[in-house]
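Trainee: Residue numbers (our numbering), protein chains in the order written: chain A, 22 to 254; chain B, 22 to 254.
Be careful, since some hints might not be right.
The list makes no distinction among identical chains, and a pair is therefore deemed to hold if it is satisfied within one copy or across any two copies.
Straight-line Cα separation of at most 20 Å, SDA-like style, residue types lysine to any residue; simulated pairs [unchecked claim]:
#1 Lys214 to Met184
#2 Lys249 to Ile190
#3 Lys213 to Gln247
#4 Lys23 to Tyr188
#5 Lys181 to Ser202
#6 Lys214 to Tyr188
#7 Lys214 to Arg148
#8 Lys111 to Asn94
#9 Lys213 to Gly156
To be clear, the hints were calculated from the coordinates, so they are not data collected in a lab.
There are 2 protein chains.
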Amino acid sequence: MKVNVILEGSLRGPCESTVVVVDVLRATSSAVTAFANGLTQLEVVESVEEARRMKRENSELLIAGERRGLKPNGFDLGNSPCEFTENEVKGKKLVMTTSNGTRAIKRFLGNRVVYLAALLNYRFVARSIVESGEGTTIVCAGTDGVPCLEDVFCAGSIVKELMCEGYRIDDAARIAYSTYSTYEFDIERMLKKESSHGAYLERIGLGEDLVYCARMNIHDVTPFSQGKRFVLH
Amino acid sequence: MKVNVILEGSLRGPCESTVVVVDVLRATSSAVTAFANGLTQLEVVESVEEARRMKRENSELLIAGERRGLKPNGFDLGNSPCEFTENEVKGKKLVMTTSNGTRAIKRFLGNRVVYLAALLNYRFVARSIVESGEGTTIVCAGTDGVPCLEDVFCAGSIVKELMCEGYRIDDAARIAYSTYSTYEFDIERMLKKESSHGAYLERIGLGEDLVYCARMNIHDVTPFSQGKRFVLH
Numbered sequence: 022m023k024v025n026v027i028l029e030g031s032l033r034g035p036c037e038s039t040v041v042v043v044d045v046l047r048a049t050s051s052a053v054t055a056f057a058n059g060l061t062q063l064e065v066v067e068s069v070e071e072a073r074r075m076k077r078e079n080s081e082l083l084i085a086g087e088r089r090g091l092k093p094n095g096f097d098l099g100n101s102p103c104e105f106t107e108n109e110v111k112g113k114k115l116v117m118t119t120s121n122g123t124r125a126i127k128r129f130l131g132n133r134v135v136y137l138a139a140l141l142n143y144r145f146v147a148r149s150i151v152e153s154g155e156g157t158t159i160v161c162a163g164t165d166g167v168p169c170l171e172d173v174f175c176a177g178s179i180v181k182e183l184m185c186e187g188y189r190i191d192d193a194a195r196i197a198y199s200t201y202s203t204y205e206f207d208i209e210r211m212l213k214k215e216s217s218h219g220a221y222l223e224r225i226g227l228g229e230d231l232v233y234c235a236r237m238n239i240h241d242v243t244p245f246s247q248g249k250r251f252v253l254h
Numbered sequence: 022m023k024v025n026v027i028l029e030g031s032l033r034g035p036c037e038s039t040v041v042v043v044d045v046l047r048a049t050s051s052a053v054t055a056f057a058n059g060l061t062q063l064e065v066v067e068s069v070e071e072a073r074r075m076k077r078e079n080s081e082l083l084i085a086g087e088r089r090g091l092k093p094n095g096f097d098l099g100n101s102p103c104e105f106t107e108n109e110v111k112g113k114k115l116v117m118t119t120s121n122g123t124r125a126i127k128r129f130l131g132n133r134v135v136y137l138a139a140l141l142n143y144r145f146v147a148r149s150i151v152e153s154g155e156g157t158t159i160v161c162a163g164t165d166g167v168p169c170l171e172d173v174f175c176a177g178s179i180v181k182e183l184m185c186e187g188y189r190i191d192d193a194a195r196i197a198y199s200t201y202s203t204y205e206f207d208i209e210r211m212l213k214k215e216s217s218h219g220a221y222l223e224r225i226g227l228g229e230d231l232v233y234c235a236r237m238n239i240h241d242v243t244p245f246s247q248g249k250r251f252v253l254h
């Protein structure tokens, strides 16, 4: 069984039959938190306008997301995982649009199963992959077309779990695993000081999100795609 | 001063005023060796046919390169750095075409200065960058559009030198430096066993090249571009 890593969402690479999308800051951290708090369904869309249109057609939908890190006008929620409380999301359906995570997810949705991973649930995702009995390709969303440290770190954390299960790994997976090994004992500092997107979020007052997104394996959920929507196992 | 890394030649990324192209296996290792052995000028071209045409127009040119790792028909030399001996190249002009390194080099040639780096000369390249007084972008050629371990490792070795000089680094440079730190004490094994392109070269009988390309800082040369050709400092 093989595990490949795509270090940035627009890169090519061999693609296995399941795909894991990682956007630690913050799309997949928010999605994982929402499902852990009782969300029933997630759909990702490309544009702010499309999310608003869906809300007009069905006022029970929640719409959430960001542009430049901040909540668009008229949205129910932004992209801070801490906003996706049980009170807000339990039993609800969510439409999300973000700058980078959305694009990476949409690119791989189709006839493959896509899992959503963050540090919050990486070990549970690895277990889901092993149970699927399939090879997997881990896609790091990146930021504006450039690889970012925290996504490659998170990919490396999943690679480590799969290596222990005997998966064969490609060059990019070795690079991701090296990144994981370098920062595994100093994750919060990595997000706040070394990740350029993390440093940006800290500057615009979203440092609290970094503390939360740095927490490992606090949610035992693996959101996965059914057609173009995400649900829980 | 900043140093960025582009983990694979087709990725976008911020571009500083000087560019370093790395293709450890084997284009830049061969180019560095040729200059160390007295080559006076290098031009890279996209196609085998273009190289043959230039040879027909000027029989004193050497033409060298590979497709699928092997020397094309009618070429003077392949892409094994060990072929570029003083006897073959001293005082000569060379035209080279390879599968991956050529594309990465051509993409960045233009009004920027491009340096060629391999493990064979990485510290000397770092010194040239520092002397230039400019920021730099290190481009890993990769293999067929996919990042490769040895190029990211070599980029990381240059990043390490520049960090010691106080350069600021981006996320991809941190990823490269992590890769360097993981493999720095076991380079030959990395090239032979962990790099997928290295393992391919070993399988087609070119293992000797891997032993050579793993040697660090044996050549004090930095080939750099003047217009579309490369010369030595």
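Trainee: The structure should be examined with respect to each hint, and the outcome stated for every one.
Mentor: Here is how each hint holds up against the structure:
1. Taking identical chains as interchangeable, the C-alpha atoms of Lys214 and Met184 lie at most 20 Å apart only when they sit on different chains, with a minimum of 16 Å there against 29 Å within one chain.
2. For the homomeric pair Lys249 and Ile190, neither the shortest alpha-carbon distance inside one copy (28 Å) nor that between copies (38 Å) is at most 20 Å.
3. Neither within a single protomer nor between protomers do Lys213 and Gln247 lie at most 20 Å apart by alpha-carbon distance, with minima of 34 Å and 41 Å respectively.
4. For the identical chains of this complex, Lys23 and Tyr188 are intra-copy neighbours only, at 5 Å inside a copy versus 37 Å across copies, given an alpha-carbon limit of 20 Å.
5. With identical chains, the CA atoms of Lys181 and Ser202 are at most 20 Å apart both within one copy (9 Å) and between copies (17 Å).
6. Only between protomers do Lys214 and Tyr188 lie at most 20 Å apart by alpha-carbon distance; the minimum there is 16 Å, versus 32 Å within a single protomer.
7. For the identical chains of this complex, Lys214 and Arg148 are neighbours neither inside a copy (31 Å) nor across copies (27 Å), given an alpha-carbon limit of 20 Å.
8. When the C-alpha separation of Lys111 and Asn94 is checked against a cutoff of 20 Å, the pair qualifies neither within a copy, at 23 Å, nor between copies, at 67 Å.
9. In this assembly of identical chains, Lys213 and Gly156 lie within 20 Å of each other by CA distance neither inside one copy nor across copies; the values are 33 Å within and 24 Å between.
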